[in-house]
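Protein chains: 2
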Amino acid sequence: MASSPITMMKMKLNNCSPPSTAAAAARFLPLLGPHQIRFRSSVAPLYNPSFPRTIITRPTFSSSSIITAAMANEALVKVIDGKKVAKDVRDEINAEITRMKDSIGVVPGLAVILVGDRKDSATYVRNKKKACETAGIKSYEVCLPENSTEEEVLKYISDFNDDPMVHGILVQLPLPSHMDEEKILHAVCIEKDVDGFHPLNIGQLAMRGREPLFIPCTPKGCIELLHRYNVEIKGKKAVVIGRSNIVGMPAALLLQREDATVSIVHSRTTNPEEITREADIIIAAVGKPNMVRGSWIKPGAVIIDVGINPVEDATNPRGYRLVGDVCYEEAIKVASAITPVPGGVGPMTIAMLLSNTLLSAKRINNFK
Amino acid sequence: MASSPITMMKMKLNNCSPPSTAAAAARFLPLLGPHQIRFRSSVAPLYNPSFPRTIITRPTFSSSSIITAAMANEALVKVIDGKKVAKDVRDEINAEITRMKDSIGVVPGLAVILVGDRKDSATYVRNKKKACETAGIKSYEVCLPENSTEEEVLKYISDFNDDPMVHGILVQLPLPSHMDEEKILHAVCIEKDVDGFHPLNIGQLAMRGREPLFIPCTPKGCIELLHRYNVEIKGKKAVVIGRSNIVGMPAALLLQREDATVSIVHSRTTNPEEITREADIIIAAVGKPNMVRGSWIKPGAVIIDVGINPVEDATNPRGYRLVGDVCYEEAIKVASAITPVPGGVGPMTIAMLLSNTLLSAKRINNFK
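In order, the protein sequences belong to chains F and R. Residue 15 in the UniProt record's numbering sits at position 15 of the first sequence; the count goes up by one each step and never skips. Residue 224 in the UniProt record's numbering sits at position 224 of the second sequence; the count goes up by one each step and never skips.
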């Protein structure tokens, strides 16, 4: 069965469509697999970054030639392997912890406070605990029931603030609605605020000539990926999509500290596509599955995709799959480097939390 | 004497040239006055925003018709009158201070600490004192010699922190080089930091859902001008040129809080002209005389020029004149609104300092 480029585009787009459409498309995939795809160049657009450009000049293609050419094209794009980098970072942390333990007998400690019984929060905390253990960081965990009082949480924070064995304190968010999140987060002493969300830290991050004690983990992870893949930031045009306190805003501040020319795109931006298309570096942190399409991307741009969005997928045993804020299938044909989802920024967040905890333990103990 | 458009351009450009060139050009002005200028449309560019477009369609012009048309065109551009707005703001502050005094007997107090004998600093402090008196704010002034110790300054700050009559504390910068500026500024308690430079304030300014106690005076003045001239910010593209801690960076954060799509242009930006030309709103705060030329400006853009740069001017009795970061003569032919220098942002800074002091007195005394 032959299908027109339009059919193929539809299929491609379906991969980057909203959940329900994606699920519907997924049902068709076994019937209309890639081995059945053909397209005629006469209907193909002159320049369409979502197709390998080398193919467009040829009239018809067998399925295998398309696949081979697409693979060749995609091979030129660096897939930024967050899993690998996170492992390298964790190995380095582990070596540093051993060195510190051997020379001054100090083991970094991270305290995590979990209130209520949200399943996702419990999973995050469990993962953090596991990562701590692997890295050689001692973890202290407090699990409080949903109906705990603010005072109880504040008491634990106060105790951890005073505890010399604890170098980082993390309050898992979101807190139950009856608690004042700002008040609780502000109770964590700034020297142990390994999340880096304290406004004093954010202020230092924003100001030239100042140094924050900690950099928020996810944006720190994004920049670390750029560094490890030797992506030049200085003088480059960077667009951050999303302006959340935990990712978008601090990511923009970090890029600016590295001398990028930064624009911030958000829900009120009238022409996000046009602005994004000018960027050499894109950090997408908006939480909208596949929002950034191939047409939004300047050829050769580097893309860090922070989004981790579940979309329905009947072909997946779990009934869903995870996608980023960027339509990976389209982006990989235009970008010069991109983080996959999962396996991109995700693993970096926990690695940076460990990094911040080590940093804190070193600073508190004046260990170089 | 007739002169070609090129000569006219040269003359125009000379007004926006570096100091020495401007001074040299100024010497020629009496010989080559505007009444002698002609240009032929055949050599005039098809679209040149630095000329009134209505004129370009006509073949030749007498000097008077050029001047009339230019004046008509410039009349369409709103000159944002900072002097007038600052006066309005100060009148409003004055009325509020009277109301507060009458109802709870509290008079706002501003303490200014001046160290050393820099002439410019002394002038600033004198102006602030005068503005306070006019507005009905009590000012407390401490002048310390250049060779004072850090401890002496810190002692004064500590006393003012504890003094219930003082609602705002301002340390005049720059401090002598033997003092740790950061340490001294951090000693001012956050509730009296009317300058708004404390990183905790900056952090709150950067974070969504948080409110800074004070907004730094100059950027606050820029936004106030936009508000009072009913310039829509939400959804607009804004470019801030310069990223200083005291103007550029907080101005960008403020514009973002008002839902503009903000880009920050700085010394490492490779194509500042191109990026600036996309802006609906430009805030220039870079300290470079006439850096932003007519060609940098999108027709209809609104320009807030924060720069106050002295340039040599032999025709001026003082030997210099003040110019902004934007070439006013060129900009006024392209922009829809612009602040002049002087008389634009300048008068707003002190007005905002008074506004912050009043705000502080109200907050400390819980007066609505």
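Think of the hints as simulated: they come from the structure by calculation, not from any bench. Any given hint could turn out to be false.
Remember, identical chains collapse to one label, so a pair may be satisfied in a single copy or spanning two.
[What the hints assert, rightly or not] Below, in silico cross-link-like pairs of lysine to any residue (SDA-like), each with a Cα-Cα straight-line distance of 25 Å or less: (1) LYS368 <-> ASN161; (2) LYS362 <-> GLU182; (3) LYS155 <-> ILE104; (4) LYS183 <-> PHE367; (5) LYS119 <-> ASP180; (6) LYS298 <-> ALA131.
Go through the copies and call it for LYS119 and ASP180: within, between, both or neither, with a Cα cutoff of 25 Å. Answer is within; shortest intra-copy Cα gap is 21 Å, inter-copy 49 Å.
Which holds for LYS298 with ALA131 at a C-alpha limit of 25 Å: within a copy, between copies, both or neither? neither (37 Å within a copy, 52 Å between copies)
Given identical chains, is LYS183 near PHE367, meaning Cα to Cα at most 25 Å, within a copy, between copies, both, or neither? between (32 Å within a copy, 24 Å between copies)
Can you tell me if LYS362 and GLU182 fall within 25 Å by alpha carbon in one copy, between copies, both or neither? So LYS362 and GLU182 pass the 25 Å test across copies only (24 Å; inside, 27 Å).
Please sort LYS155 with ILE104 into within, between, both or neither, judging by C-alpha distance up to 25 Å. Close neither inside one copy (30 Å) nor across copies (39 Å); limit 25 Å.
For the identical chains here, do LYS368 and ASN161 meet the 25 Å Cα criterion within one copy, between copies, both, or neither? Answer is within: at 22 Å inside a copy they meet the 25 Å cutoff, but 37 Å across does not.
Comparing the model with each earlier hint shows violations of hints 3, 6; every other hint is respected.
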